[in-house]
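Enquirer: Go by the hints and put chain S onto chain X.
Here the protein sequences line up with chains X and S, keeping their order. Position one of the first sequence corresponds to residue 1 (our numbering), numbered consecutively onward. Position one of the second sequence corresponds to residue 1 (our numbering), numbered consecutively onward.
Keep in mind the hints are simulated off the structure, nothing from the lab. Please note that a few of the clues may not be correct.
If chains are identical, the list can't say which one is meant, so a pair holds when it fits in one copy or spans any two.
List of simulated lysine-lysine pairs, DSS-like, C-alpha gap at most 25 Å [to be verified]: (1) Lys-250 / Lys-209; (2) Lys-239 / Lys-288; (3) Lys-197 / Lys-288; (4) Lys-250 / Lys-148; (5) Lys-125 / Lys-437; (6) Lys-367 / Lys-437; (7) Lys-230 / Lys-148; (8) Lys-231 / Lys-39; (9) Lys-437 / Lys-420; (10) Lys-39 / Lys-85; (11) Lys-231 / Lys-318; (12) Lys-318 / Lys-127; (13) Lys-318 / Lys-367; (14) Lys-288 / Lys-420.
2 protein chains.
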Amino acid sequence: MKKIRIVLPAVFLAVLVCCLCAPISSSIAAPDVTHFTLKNGLEVVVIPDRRTPVVTHMVWYRVGAADEEPGKSGLAHFLEHLMFKGTAKNPAGRFSRVVGTIGGQENAFTSSDYTGYYQRVSRDKLKEMMEFEADRMTGLVLTDDVVKPELNVVLEEQNQRVANSPVAKLGEEVQAALYLNHPYGRPVIGWRHEIEKLTRDDALAFYRKFYTPNNAILVIAGDVTADEVKKLAEETYGKVARVSELPPRKRPQEPEQRSVRTVTLSDPRVAQPSLQRSYLVPSIATAKAGEAEALEVLSHILGSGTNCRLYTTLVMQKQIAVSAGAWYQNSSLDDTRFGVSGTPRPNVTLPQLDEAIDAVIADLADKGVTADELERAKSRLVAETIYAQDNQATLARWFGGGMTTGSTVEGIRAWPDRIKTVTADQVRDAARQWLDKRRSVTGFLIKDTARPEEKRS
Amino acid sequence: MKKIRIVLPAVFLAVLVCCLCAPISSSIAAPDVTHFTLKNGLEVVVIPDRRTPVVTHMVWYRVGAADEEPGKSGLAHFLEHLMFKGTAKNPAGRFSRVVGTIGGQENAFTSSDYTGYYQRVSRDKLKEMMEFEADRMTGLVLTDDVVKPELNVVLEEQNQRVANSPVAKLGEEVQAALYLNHPYGRPVIGWRHEIEKLTRDDALAFYRKFYTPNNAILVIAGDVTADEVKKLAEETYGKVARVSELPPRKRPQEPEQRSVRTVTLSDPRVAQPSLQRSYLVPSIATAKAGEAEALEVLSHILGSGTNCRLYTTLVMQKQIAVSAGAWYQNSSLDDTRFGVSGTPRPNVTLPQLDEAIDAVIADLADKGVTADELERAKSRLVAETIYAQDNQATLARWFGGGMTTGSTVEGIRAWPDRIKTVTADQVRDAARQWLDKRRSVTGFLIKDTARPEEKRS
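Bound-form chain X, shown alone (with noise of 0.2 Å):
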């Protein structure tokens, strides 16, 4: 069975909020969520979904890429690769092999903030999982025939997604101008010349340092409940010994941001040229009261579906551009990006859409939002919340997410009723505020034509 891992670089996460952080915030006031702590410091949440006898069992790590030290970029993502490598007990294949056989699914992800791994799997299997994921979570064994192997498929999925993808390697960049001090500037995959000389000692150290059960929460969606759950998570985690003590997360934050930046990226393989803006700014976690509800508005009402503000102006009236949009990625442990981005017409020269781009968004900060807008985007926003409680894995995700980014459970479940709050005020305020040009960064990226295609091995 192929393991699917989901790395989140900078530019992805453009793309997954779409698909799957926005709802991370829209939660939920509805299913009956439980949340407890073992002896041994592993928070437990569990979501009771009883419409199919089927269980989503996720562990998610408060480690991340941004928990990287200077010179190791990429090294949480590659042990998350290296986590299927076996232990004693249970030797490298067996534990995915198992979950192929018995029809379930599996998956595993890093972000800045966080590394999760989950599975979903029929409800009777739930305990075999639970011991197997306890089994990896302080027992993991790692030999220089495994490492060094698994680097080059690293290096391969580095080479894939960004070496040759302009747009992503455009967003690398973007985010590394973006953040001047704070290690989010740091792509989740990592600089390839530090990949190539991350070594198995590396990954051990970071693994005893990060993978402890008071370092973990343990998040089940599913037909259970919150007592069968915690017996068997006693019975399985609850035996895991704290290996490590951590102290809090706290990285280097940025200065006051004042200058406007651009980075244009030319390369022969670009067949659309396109752009992409973000600005730094509050995340839930880091906002104050109201802030981050309202830049999520915000970014619905100025850039999402075809309703928006920038799709309108720009691809109805104006007809300048083919697609134009914007995002929030809400949750973050620390300051986070609210992003813009766009993609011209022929004929139509990047500045002048960048230009356009900052009219739309002068006109909003300057005359507000419509009460039929504010209404929509937040009617909107609670509805995906609703729908997206539809697929367990997702509502697993919110809990996850947002706990690992400084979110509560009760902060998470609060969430659309803080969205039906925002008013009008407060999203044009917001615009004012934080899509100040001073504090963002655009990348522009255009065909080269003077240099032959490369593609780079």
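Expert: Frame of chain X; chain S shown alone:
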């Protein structure tokens, strides 16, 4: 006596290159330099200069801002200030008072790669200086009573030098945008919000890690012999025990850079718009044979004096600039910066100046330099070396600065001969390879007419 300390953040380096650093490299076959190491690991360089009965006494530590832990920016420079706060044997103020009383001079300075302290005194006071400096190498005593007020001094320095200077603030952001991964992106003086949080414990931990005889270089220039210095050094510094062992200085390196970047700062206090561009280029320590020498000659042909390409083309012929120049920060442990700057005439925009600079560089990269230009640049570089030897402190600085950034005594002494071997083809190739805009950040400083002048406190 007022203590003068030099901190070298982004923008000041450019100035320093012109005044001091270029000569660092343009040294010296002349003086009979001796180099030896004491048993405790302290390296000693003696540069006889018998014209007057004066000595320059310098201690250089192989530690600077790029060696700080992320989140503690400004710590190397803050510790430099705190080094004047006294020891158990010599309470605060005594050392400086003695230097003043005997009519000496003293100074201290911090860069990304080194921290140094020096006194210039009559030769009979050398041993006393060595005793003082050896005493504070490991004997510093710090209490909150002295640390906290000094933090305010440093914050005021940041305020004067950076926060209230739009040129310097732009320089900081250009440097942060140039270095995507390497700590050279961090200002030497520190980010203000991080300076504010520096503590006595931070300073002491940094001191105990890096201030040890095996991490220092003693440079003595003046009316002394190597034998005299050796005897005195053994009697003073020789008694200082090693307090730590340090690993090689390996900082996170830059990924391959592929994008053209701009940083625009608009500020109501700007009297005169200007442009500053930095390219990421090899330093003496990281270059292949001949490359650093070619970059040095290139910087002179392109942008030094009023006969250089930028000045003659932009100021004299096209009359679109009031000034234009270039510099190369040759001594740097890791990849360094090649800078180009200009100030437009009224009614010339910064993008126009930017394009005109591009054209000058493209022409040089295309057609190369003339035999006459090459000879003039090389002669002037060698001549500067000879003139500069007239200043004892400059001589000492060449060796201290070179040796803390990866050069050897032999390499430093051979520099003028290395410059003499540079060919016209090498200069053209250096321009082609390294003055690639995809390895650069261009900063634009413009007057903000929309906002009233604000003074940050």
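Enquirer: Indicate, hint by hint, whether the structure satisfies it.
Expert: The hints, checked one at a time:
1. In the homo-oligomer, the alpha carbons of Lys-250 and Lys-209 lie at most 25 Å apart both inside one protomer (16 Å) and across protomers (22 Å), since each shortest distance falls under that limit.
2. When the C-alpha separation of Lys-239 and Lys-288 is checked against a cutoff of 25 Å, the pair qualifies neither within a copy, at 40 Å, nor between copies, at 56 Å.
3. In this homomeric assembly, Lys-197 and Lys-288 come within 25 Å of each other (Cα to Cα) only across copies, at 22 Å, whereas the closest approach inside a single copy is 41 Å.
4. For the homomeric pair Lys-250 and Lys-148, the shortest alpha-carbon distance between copies (23 Å) is at most 25 Å, but the shortest distance inside one copy (32 Å) is not.
5. In this assembly of identical chains, the alpha carbons of Lys-125 and Lys-437 never lie at most 25 Å apart, being 52 Å within a copy and 58 Å across copies at closest.
6. Taking the shortest Cα distances, Lys-367 and Lys-437 sit within 25 Å of each other inside one copy (18 Å), while across copies they are farther apart (40 Å).
7. Proximity of Lys-230 and Lys-148 under a CA criterion of 25 Å is satisfied in neither setting, with 39 Å inside one chain copy and 50 Å between copies.
8. Proximity of Lys-231 and Lys-39 under a CA criterion of 25 Å is satisfied intra-copy only: 13 Å inside one chain copy versus 64 Å between copies.
9. Taking the shortest Cα distances, Lys-437 and Lys-420 never come within 25 Å of each other, neither inside one copy (28 Å) nor across copies (48 Å).
10. In this assembly of identical chains, the alpha carbons of Lys-39 and Lys-85 never lie at most 25 Å apart, being 28 Å within a copy and 48 Å across copies at closest.
11. Proximity of Lys-231 and Lys-318 under a CA criterion of 25 Å is satisfied in neither setting, with 61 Å inside one chain copy and 82 Å between copies.
12. Neither within a single protomer nor between protomers do Lys-318 and Lys-127 lie at most 25 Å apart by alpha-carbon distance, with minima of 58 Å and 79 Å respectively.
13. In this homomeric assembly, Lys-318 and Lys-367 come within 25 Å of each other (Cα to Cα) only inside a single copy, at 20 Å, whereas the closest approach across copies is 45 Å.
14. In the homo-oligomer, the alpha carbons of Lys-288 and Lys-420 lie at most 25 Å apart inside one protomer (17 Å), although the nearest pairing across protomers, at 62 Å, exceeds that limit.
When the structure is compared with the earlier hints, violations turn up for hints 2, 5, 7, 9, 10, 11, 12 and for no others.
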